[in-house]
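Chemist: Quick note, the sequences are listed as chains X and D, same order.
The opening position of the first sequence corresponds to residue 1 in the numbering used here, with each subsequent residue numbered one higher.
The opening position of the second sequence corresponds to residue 1 in the numbering used here, with each subsequent residue numbered one higher.
Just so you know, the hints here were simulated from the structure itself, not pulled from any lab data.
Be aware that one or more of the hints could be misleading.
[To be verified] Cross-link-like lysine-lysine pairs, in silico, DSSO-like; alpha carbons within 27 Å at most: (1) D/Lys108 x X/Lys112; (2) X/Lys238 x D/Lys98; (3) D/Lys113 x X/Lys222; (4) D/Lys33 x X/Lys515; (5) D/Lys98 x X/Lys515; (6) D/Lys25 x X/Lys41; (7) D/Lys108 x X/Lys41; (8) X/Lys238 x X/Lys311; (9) X/Lys25 x D/Lys25; (10) X/Lys238 x D/Lys33; (11) X/Lys274 x D/Lys39; (12) D/Lys39 x X/Lys515; (13) D/Lys40 x D/Lys108; (14) X/Lys112 x D/Lys113; (15) X/Lys515 x D/Lys108; (16) D/Lys40 x X/Lys274; (17) D/Lys33 x X/Lys41.
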Amino acid sequence: MANVPLIMFLVFIGITLGITYWASKRSAGASAYFAASRQIKGWQNGIAVAGDYMSAASFLGIAGIIAFQGYDGFMFSVGWLVAYLTVLLVIAEPLRNAGKYTMADVLAYRLKPRPVRAMASLSTLTVSTFYMIAQMVGAGALVKLLLGGHVSYNQAVTGVGILMIVYVVFGGMLATTWVQIIKAILLMGGTLLLSILVMAHFHFSFADFFAAIGHVTYHDAKGTEVVKDFLQPGLRYKPPYGPLDLISLGLALIFGTAGLPHILVRFYTVPDAKTARHSVVWAMVLIGSFYIMTTFLGFGAATIVGPDFIKTHGGTNMSAPILANALAGPIFFAFISAIAFATILAVVAGLTISATTSFSHDFWTNVIHSGEERKPGEEVLVARISAFAVGAVAIAIAILLGPTANVAFLVALAFAVAASANLPVIVMSIFWRRFNTAGAVTGLAVGLLASIGLILVSPSLMAIDPPTVTGTARHLIQAKAWFPLENPGILSIPLGFLGAFLGTLLSHEPTSQHKFNELLVRSNTGLGAERAGSN
Amino acid sequence: MVETVKKVATTPEDRYEATQSTWDKIAESREFKDLMATKKIFIVPAFIFFVLYYFALPVLVGYAPQFMSTRFLGVNLAYLFALSQFFVAWLIAGLYVKAANNFDRLAKDIVDKAEIVKGGK
C-alpha cells in the first residue's frame, strides 16, 4: 500500500514530462521561451497565477496552522487573496503594456538601463532563490515523509531539482505554465473533495461543524488536557507583538505580491493588458475559493483527527494528508500527497524560470552587453544554462541545510524584499514624473538591505535554543532578538519607499522626466505594447 | 542628448515608436487626460477602501479580541469579518472589471488616433 503515493507521483511526473516534450518543440525564440509567445489565454494564465501562488506552504502550511492554532490561521490566509487587489488595480496592466519579459523592462524605460537592471536583477534573484530554497527543503522533508522511507531527503531534493531543471531548460515558459495549470486544477479538486468529505463527516450541518470547532481537545506542551474554542482569536498572535506582526505580514502581502517576480512574469504570457486583467480575476476566484476551503481542511483536521494525533504522525505540515487518510483511507492519502508534491514541483519550476529570465534578459543581455544580443538566440541559451546553475545551487543549498533546517522565514523574507524593494520602484516609475535612476537604485538597495537586515535580527534567526535543538534547526544567532517581529514589512516597506524618494530628490536627471510621458501613455493605453505572435 | 534605450529583439513593425514631441502631445491631449481622470476616480478610492477594510481585520482582532469574540449566527464576529474579506475582495475586483471596460474604450480611441496619425506620415 505504501507504494501508491509513489505510483501517483510517477504518473504526475510522466504527464508533466510529456508536456515538456510538447512545449520544447514550441519554445524556439525568445518570446516563445520567456513568454510562451504571449498566447496563453486569460483563464489559463489565471489558473497558472493561482498555481504559482498556492504553494505547498499554503496547502500544507495553512491547513496545519489552522489545525493547531485555529482562527488565527484562517485570518492569516485572508491577506493572500486581498493582496491580489493591488496586482489588479495597480500593477498588472501597466506592466503588461510597457514591459517585455521582466519588471526591470518597465524601470529601464526612462531610467538608465544598466544600473537599474543590475539592481532589479539582483533583487529578483534574491527573492526567487530564497523562496526556492524554502520550497526545496520543504519538498525534501515532505517527500521523505509521504513516501515513508522509500526515498531519502537528499534523493528527494535532487529529484525535485532535476525535474524543475528539465521543465525549464527544455519547455520554457510554455511547459512551466501548463505544469502549473494541471497542478492548480488537481489542487483545487483535491481541496474541494477533502472539504466535501469533512462536511459529510458532520452530515453537512454547519451548526455541528462549528459546534465541534468550539470544543477542540488536545494536550499542551506540559501534557495537560485542554479544551479550546478554535474560533477564538489569539491562539497564535499573542500580545504584546502578535497583532503587530500580523499587520506587518499583511503589509508584506499587500505590497509584496505585486512585486513577486514569478507572478509578474506571468502577465507577459498573455496577448494584452485586458487579458492580463481577466487573468488576475480568474486567479482571485481560484485563490479566494481555495483559502475559504482552508476552513474545512484546517478545522476539519483539528476536530476530526485532533492536534494530538497529527503531532505524533508527522507534525503540523501533515495535517491535510492525515485528514485525508482519516476520512477516506490510504488511496486518498496518496492522492493528496501527490498533489502536495506536484505543487512543490510546479512552484519551484515557476521560480526558476523567473530567475533565469531576469538573469539572461536583464543582467546578461542588458547589463553586460548593453542591450544587444551578440548572436541570435543567445538570450535563450544563457537562460537555459542559468537554469542549470540555479537548479544546482538550490539542490546544493537544500542538501547542505538538511531536512530539519529552520527555513520558514525565507518565504517571509521573499515577500518582504518584494514589498520593500521591488514594489516601491515599480510604482514610482509608473506614477511619479520626478522619479529617476538614483531613486530606483537606492530604493532597491535600501529595501533589499532593510528586509535582510531586519530578518537577521528577528526572532526567526535570533533566539536562544535549548541544548536539545541541534544542527541547522538551531537559530543562527543565539541571543535575544533585537527586532521583535518575524515580518519586517512594517519597517522595511517605508524604508524602501523612503530610499527611493530621497535618492530621487538628492539627484538630478532631466532625461527620466522627459521620457515619463512616453511611459505614461504606453502603460495606460497599451499603445505599442508587445503583441502575441510566434516570434 | 537623450540616452537611447536599446530594445532587444524588437522588430520595427512589432512596436509603435514615436518622437518625444508626439508622446508629449498625446500625454497633453484632452482624451488622455480624460482617461487618466476616469481611472483615478475609480482606482484611488477602491485602493484606499480595500486597504482600510483589510487592515481593520488584524487591528480589531488584535486589539479588541473580546469584542470580536462576540457570538453571532452560530459563529463569531471575528470569523464573519474574516470571511467577508473574501467577498469584498471579489466585489471590488468585479466592479473594477466593469469600470475598466470604460478605460478600454477611452484608451482605444487614443491608440487608434495615434496609429492613424503615424500611418498618415
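Chemist: Does each hint fit the structure? Answer for all of them.
Modeler: Now for the hints, and whether the structure bears them out:
A distance of roughly 30 Å separates the Cα atoms of D/Lys108 and X/Lys112; the hinted pair therefore is violated under the 27 Å criterion. The hinted pair formed by X/Lys238 and D/Lys98 fails the criterion: a straight-line CA distance of about 41 Å is larger than 27 Å. Proximity of D/Lys113 to X/Lys222 is assessed by CA-CA distance (about 74 Å); at most 27 Å being required, the pair is judged violated. A distance of roughly 17 Å separates the Cα atoms of D/Lys33 and X/Lys515; the hinted pair therefore holds under the 27 Å criterion.
A distance of roughly 31 Å separates the Cα atoms of D/Lys98 and X/Lys515; the hinted pair therefore is violated under the 27 Å criterion. Simply put, D/Lys25 and X/Lys41 have alpha-carbon atoms about 34 Å apart, too far for the 27 Å limit, and the pair is violated. Proximity of D/Lys108 to X/Lys41 is assessed by CA-CA distance (about 21 Å); at most 27 Å being required, the pair is judged to hold. As the CA atoms of X/Lys238 and X/Lys311 are separated by approximately 22 Å, the hinted pair is consistent with the 27 Å bound.
The suggested pairing of X/Lys25 with D/Lys25 is violated, with an alpha-carbon distance near 45 Å, which exceeds 27 Å. The suggested pairing of X/Lys238 with D/Lys33 is violated, with an alpha-carbon distance near 49 Å, which exceeds 27 Å. For the suggested pair X/Lys274 and D/Lys39, the alpha carbons sit about 14 Å apart, so the restraint of at most 27 Å is met. A hinted pair counts as satisfied when its Cα atoms are at most 27 Å apart, and D/Lys39 with X/Lys515 qualifies at roughly 21 Å.
Restraint check for D/Lys40 and D/Lys108: satisfied, since their Cα atoms lie roughly 18 Å apart, inside the 27 Å limit. At most 27 Å may separate the alpha-carbon atoms for a hinted pair to count; X/Lys112 and D/Lys113 exceed this at roughly 30 Å. At roughly 22 Å between alpha-carbon atoms, X/Lys515 and D/Lys108 fall within 27 Å of each other, so this suggested pair holds. Straight-line distance between C-alpha atoms of D/Lys40 and X/Lys274 comes to about 18 Å, which keeps the hinted pair within the 27 Å bound.
The straight-line distance between the Cα atoms of D/Lys33 and X/Lys41 is roughly 31 Å, outside the 27 Å bound, and the hint therefore fails.
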